[in-house]
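Undergrad: Heads up: the sequence shown begins at 110 in the working numbering, then just goes up one per residue.
No lab work stands behind these hints: they were computed from the structure. Be aware that a few hints might be false.
[What the hints assert, rightly or not] Quick list of the computed label-pair ranges, beta carbon to beta carbon:
{"#": "1", "residue 1": "L223", "residue 2": "S253", "range": "18 to 26 Å"}
{"#": "2", "residue 1": "P220", "residue 2": "N411", "range": "56 to 64 Å"}
{"#": "3", "residue 1": "L191", "residue 2": "E129", "range": "34 to 42 Å"}
{"#": "4", "residue 1": "V409", "residue 2": "K194", "range": "27 to 35 Å"}
{"#": "5", "residue 1": "Y357", "residue 2": "Q456", "range": "47 to 55 Å"}
{"#": "6", "residue 1": "S404", "residue 2": "R466", "range": "25 to 33 Å"}
Where a beta carbon is used, it is the ideal one built from N, C-alpha and C, also for glycine.
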Amino acid sequence: MWIWQQPEWPDFTWNADVIEPLLRKVRLNQGILIGKMLSQPVEEKQRMLDTFLANIVHSSAIEGENINAFSVRSSLAAKLGLNEKTPYPTTAQTDGLAEIIVDAIEENEKPLTLERILRWHSLLFSGEDNFLHRIEGGVLRGSSPMQVVSGRLEKPVVHFEAPARIHLEPELSGFISWFNESRDASFPDPIIRAAITHFWFVTIHPFEDGNGRITRLLTDLALAQAENQSVRFYAMSVSILKRRASYYDTLERSQKGTMDITDWVKWFLETLDDTFSQVMCDIEQLIFKSRYWRSVDQSVLNPAQVKVLNKMLDGDFADGVNTTQYHRVAKVSKPTATRHLAFLVEQGCLVKAGGGRSTRYKLSDKFS
Numbered sequence: 110m111w112i113w114q115q116p117e118w119p120d121f122t123w124n125a126d127v128i129e130p131l132l133r134k135v136r137l138n139q140g141i142l143i144g145k146m147l148s149q150p151v152e153e154k155q156r157m158l159d160t161f162l163a164n165i166v167h168s169s170a171i172e173g174e175n176i177n178a179f180s181v182r183s184s185l186a187a188k189l190g191l192n193e194k195t196p197y198p199t200t201a202q203t204d205g206l207a208e209i210i211v212d213a214i215e216e217n218e219k220p221l222t223l224e225r226i227l228r229w230h231s232l233l234f235s236g237e238d239n240f241l242h243r244i245e246g247g248v249l250r251g252s253s254p255m256q257v258v259s260g261r262l263e264k265p266v267v268h269f270e271a272p273a274r275i276h277l278e279p280e281l282s283g284f285i286s287w288f289n290e291s292r293d294a295s296f297p298d299p300i301i302r303a304a305i306t307h308f309w310f311v312t313i314h315p316f317e318d319g320n321g322r323i324t325r326l327l328t329d330l331a332l333a334q335a336e337n338q339s340v341r342f343y344a345m346s347v348s349i350l351k352r353r354a355s356y357y358d359t360l361e362r363s364q365k366g367t368m369d370i371t372d373w374v375k376w377f378l379e380t381l382d383d384t385f386s387q388v389m390c391d392i393e394q395l396i397f398k399s400r401y402w403r404s405v406d407q408s409v410l411n412p413a414q415v416k417v418l419n420k421m422l423d424g425d426f427a428d429g430v431n432t433t434q435y436h437r438v439a440k441v442s443k444p445t446a447t448r449h450l451a452f453l454v455e456q457g458c459l460v461k462a463g464g465g466r467s468t469r470y471k472l473s474d475k476f477s
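When you get a sec, could you build the whole thing from the sequences and use the hints?
TA: Written as structure tokens, this is what we have:
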């Protein structure tokens, strides 16, 4: 039996002994992240643009779709009222992607309706064709069984089967009612609610295509409501893409079990916590970069030296840079690269490590 065929559907359960310690850890790191982000001197809309862009690009990549990040960025900038010096040409699709994420997150207090979900789906497929035929956006799937299948034709393996079309409207109605009513309820915890939102909607699988992207959009909406703010500090789709194989494996296993979705909730919390950890690492790197440049006399550096130092500060050459790498990045001769590196050591920007062919130059840690 599929989970939606269980008599208790959709009364999900989970093992509190497993989930509660994880939830406390996620809550702690969520609070630390929000505190760190609010202390950073970054313009709010610019922060939102970067986060929205990461979510859109990575959510599409999870489905194996590559979209033009430059076009999406320009669409988001226009939607958020930000001026770009050199805007990139946009498309109906990138404008649609920008519109749905801004609507979902900035308007997170609005009640969820079927009409709103259908509009998102319509915008998701604005001007887009798949390999075989055009996807009709904003329309629920047809009467054909919705199955994910692999293997040989004579012996197929069904990884997932969604509820039959005849049950689709009642299933969506039940989900939407729960989503709206559970927002201000004391149970479940708002982050657990986001995990349930993801699992429940992807199980219903209401569309011919785009179910994963709409599911992750609804998850972002649930997380925005959990934090009671529209400013986004992180893009969970980045970590989902990194863990894509286990993402699909966990969803598939949970579809075939009982109403106990402990495995899924555990995966969700671990992935969310990984998202927080990565963003906090990025913040620490940004703080170090800012402190570094405040402590360096940039007036004595030439553009090539600044370029290489910025790359190192952005995380390139984690083990340090050698003469050959410097000469390639800075586009100078090897003798010039050697002189530049010696000067950067003299200025205290870099420290020399090793010797001979193993010589590398690392960022000075005196700015930490």
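Undergrad: Indicate, hint by hint, whether the structure satisfies it.
TA: We went through each hint and held it up to the structure:
| no. | hint | verdict |
| --- | --- | --- |
| 1 | L223 to S253: 18 to 26 Å | holds, 21 Å |
| 2 | P220 to N411: 56 to 64 Å | holds, 58 Å |
| 3 | L191 to E129: 34 to 42 Å | holds, 41 Å |
| 4 | V409 to K194: 27 to 35 Å | holds, 29 Å |
| 5 | Y357 to Q456: 47 to 55 Å | holds, 50 Å |
| 6 | S404 to R466: 25 to 33 Å | holds, 31 Å |
Violated hints for the displayed structure: none, as all numbered hints are satisfied.
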